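Sequences listed follow chains H and C, in order. Counted the way the numbering used here counts, the first sequence spans residues 1 to 555. Counted the way the numbering used here counts, the second sequence spans residues 1001 to 1100.
Note that these hints are calculated values from the structure, not bench results. Take these hints with a grain of salt, some might be off.
What the hints assert, rightly or not - Below 30 Å or equal to it, Euclidean Cα-Cα: the simulated DSS-like pairs (lysine-lysine) are:
#1 H:214 / H:165
#2 H:542 / H:440
#3 H:37 / C:1095
#4 H:165 / H:310
#5 H:542 / H:77
#6 H:37 / H:245
#7 C:1095 / H:99
#8 H:80 / H:548
#9 C:1095 / H:77
#10 H:192 / H:274
#11 H:214 / H:310
#12 C:1095 / H:440
Stated by the list, open to error - Counterexamples of contact, computed for chain C against chain H with all Cβ distances above 12 Å:
#13 1004
#14 1032
#15 1046
#16 1057
#17 1066
#18 1079
Note that the coordinates shown come from a computational prediction; the quantities given were computed from them, not determined experimentally. Note that CB positions come from ideal geometry on N, CA and C, so glycine has one too.
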Amino acid sequence: MYNYSEFDAAFVAERNRQFRHQVERRVSGALTEDEFKPLRLMNGLYLQLHAYMLRVAIPYGTLNSRQMRQLALIAEKFDKGYGHFTTRQNIQYNWPTLKDVPDMLDALAEVDMHAIQTSGNTIRNVTADHFAGAAADEVADPRPVAELIRQWSTDHPEFQFLPRKFKVAVTGSENDRAVIKAHDIGLQIVEKDGEIGYCVVVGGGLGRTPMIGKVINDFVSQADLLPYLEAVVSVWNLLGRRDNKYKARIKITVHEHGIDDIRARVEERFNAIKPSFTGVDLVLFNDIKAAFAPPAFRADSAAIYETAYKTDPIFRSWADTNLAAHRAPGYAIVQISLKAHGETPGDATSEQMRVMADLAEAYGHDELRISHEQNVILPHVHKSDLPALHAELKKHGLATANIGLISDIIACPGMDYCALATARSIPVAQQIATRFDELKLEHEVGDLKIKISGCINACGHHHVGHIGILGLDRAGVENYQITLGGNHTADARVGDRTGPGFAYDEIIPAIERIVYAYLDLRTDAEEQFLDTYARVGMEPFKAALYEKAEAYAAE
Amino acid sequence: MARTFTPKVVTGNALIEGDVIYQTADDGWTRDLAEAELLTDEAHANLRLLIAEGQPEEIVGAYLADAVASDDGPEPTHFREDFRRTGPSNYFHGKQAELS
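Turn these sequences into a full structure, and let the hints guide you.
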């Protein structure tokens, strides 16, 4: 894993020193709020509904145990003993006071972390496949290139005042787990004639105007990557609609100009700037790659695992849902669910963070990942360690066997915390999870992704949920719109709206009707929700959703 | 026809703590909506907001929020203001914990 160079450490320390003084000047009255706001946003500090919120970057979702323990300490010392992991692989603290934030940033710097560019109109934290470096299906580990992009984009002089925020995601696998088609730039590592390169997708994004990204170049070589990315951002920086923030994202620029026009402009810009890249980025990239060398995997018997799998039904259920295929023989990728039924999706207490750090250190080559699905991953665990690991997770409420199931819900903070929200998300997620746990249906339903956003900005990725829920304010009352058939993978698709929305107390029964309709409609247990939806379309679901509601009402 | 003015309170977030505060009739600030000054006259409300905006060392993002009179002082009319005066619904944190 990458450790800060002297340059990185000095840069972060200087930023923190500046921010400490900025806070002092704000408190003393030397800076107005209008002057201070862009400065705090550049360092990840928001003012939300009930308090300040500090958003800390977890680059490409990767942490070691020391960093996780520091996140736990910060939660305990400066917050209310927990943190919220987000859909952008970040962690948010919901209750810091302004005077504590400089100390929080210093505490982060001690473990090579910061909150720079987690807000504002800049290039944000680069996200990546949470199975990076472990997945059986990957062409190459996406983290080295994500780190290269982090270094290139951090404090990039040309890109500090972009038309709007800009998000980059990288996958090293054809099976996209990083939602690259819903990012401003999505990169897929590909191999062509033995050479590693990048398929570059631009103009994806959710929010008010959801768009699936388009391929601008299907193979950019490693040597051309940074100048190519710089050309894309540079073209958009000039063309982007600064007159209207709702039309400022690159997805609108690509939509208005057409991908061919943007491609031609990018090519022209690329040719102009390419000579200024002297190859130092390639030298740097090779150093970074070395830092991400895989751990020394051990060759042990997995007999203990096999026995536990056969004899312990609780362990088996957890293994069936929460493990994924690892590229090394005898190893598994462990997904720790932060979605215990009835709990807040993505929240972990300081104690839980420490447990996960300890387990990563004891069994996981000291590596942890945060997924955009708001869970924690131990990417490298030998199968023989799984029974002991599972037993420890159980003691701390971390062994919920629901990855990919209906209760593994992505939910934004919504109106419980967010100043932009128009309705709550968290209680809707809590109630859906609790309800389907009571019904004991979720394993029968199988793979079903529910994603909930509390406003049109779509932090909860509702557009690409198999079932998407969007909370709105309709005449002073919370109202929830439903979309069906969204897909966040390589076959990304924006879901279709079912029709009129539902009140807060109607949304759980509405979701239940959809799920029962699916169970009735599917050909057999093998046909997943998305396949059924693709086969039968909206109408039968619409009938179940609206006509049955009327039938119940008439009774 | 001129629209009717609905009663308001001046609110925003405290500079240091970041929590929700309300303006009181004696030019101070309270954490409790029930203790806020309910403004029923539009011109007076705008003046009170100007006073709040002149206190950047106390308050961030001052605005006028709709409220109605009750026996227990001002009450919110919109659910957003109800959450602001209470705290989040997933944990017993924020105002609901601090004021109880």
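Now for the hints, and whether the structure bears them out:
1. Distance hint between residue 214 (chain H) and residue 165 (chain H) is fulfilled; the C-alpha atoms sit about 19 Å from each other, no more than 30 Å.
2. Only pairs whose Cα atoms come within 30 Å are accepted, and residue 542 (chain H) paired with residue 440 (chain H) is accepted, the gap being roughly 24 Å.
3. Taken as a hint, the residue 37 (chain H) and residue 1095 (chain C) pair is honoured in the structure, with Cα atoms around 25 Å apart against an allowance of 30 Å.
4. Between residue 165 (chain H) and residue 310 (chain H) the alpha-carbon distance is near 50 Å, which puts this suggested pair outside the 30 Å criterion.
5. Pair hint residue 542 (chain H) plus residue 77 (chain H) does not hold up; C-alpha atoms about 49 Å apart against a cutoff of 30 Å.
6. This hinted pair checks out: residue 37 (chain H) and residue 245 (chain H) have alpha carbons roughly 18 Å apart, not beyond 30 Å.
7. Between residue 1095 (chain C) and residue 99 (chain H) the CA atoms are separated by roughly 20 Å; this keeps the pair inside 30 Å, and the hint holds.
8. A threshold of 30 Å between alpha carbons decides the hint, and for residue 80 (chain H) with residue 548 (chain H) the separation of about 44 Å lies outside it, so the pair is violated.
9. Taking the CA atoms of residue 1095 (chain C) and residue 77 (chain H), the gap is near 20 Å; set against the 30 Å cutoff, the hint holds.
10. As the CA atoms of residue 192 (chain H) and residue 274 (chain H) are separated by approximately 22 Å, the hinted pair is consistent with the 30 Å bound.
11. With a C-alpha separation of about 46 Å, the suggested pairing of residue 214 (chain H) with residue 310 (chain H) is violated against the 30 Å cut-off.
12. A distance of roughly 36 Å separates the Cα atoms of residue 1095 (chain C) and residue 440 (chain H); the hinted pair therefore is violated under the 30 Å criterion.
13. No Cβ of chain H comes within 12 Å of the Cβ of residue 1004 (chain C); the nearest lies about 17 Å off, and the non-interface call holds.
14. Once the 12 Å rule is applied to beta carbons, residue 1032 (chain C) is consistent with being away from chain H; the minimum gap is 14 Å.
15. With 12 Å as the threshold on Cβ separation, the claim that residue 1046 (chain C) sits away from chain H holds: the shortest Cβ distance comes to roughly 20 Å.
16. Chain H draws residue 1057 (chain C) into its interface by the beta-carbon criterion, the shortest separation being 5 Å against a cut-off of 12 Å.
17. With a least CB separation of 9 Å from chain H, residue 1066 (chain C) falls inside the 12 Å interface cut-off, contrary to its annotation.
18. Not every CB of chain H lies more than 12 Å from the CB of residue 1079 (chain C), the least distance being 6 Å, so the non-interface label is violated.
The structure is inconsistent with the numbered hints 4, 5, 8, 11, 12, 16, 17 and 18, although it conforms to all the rest.
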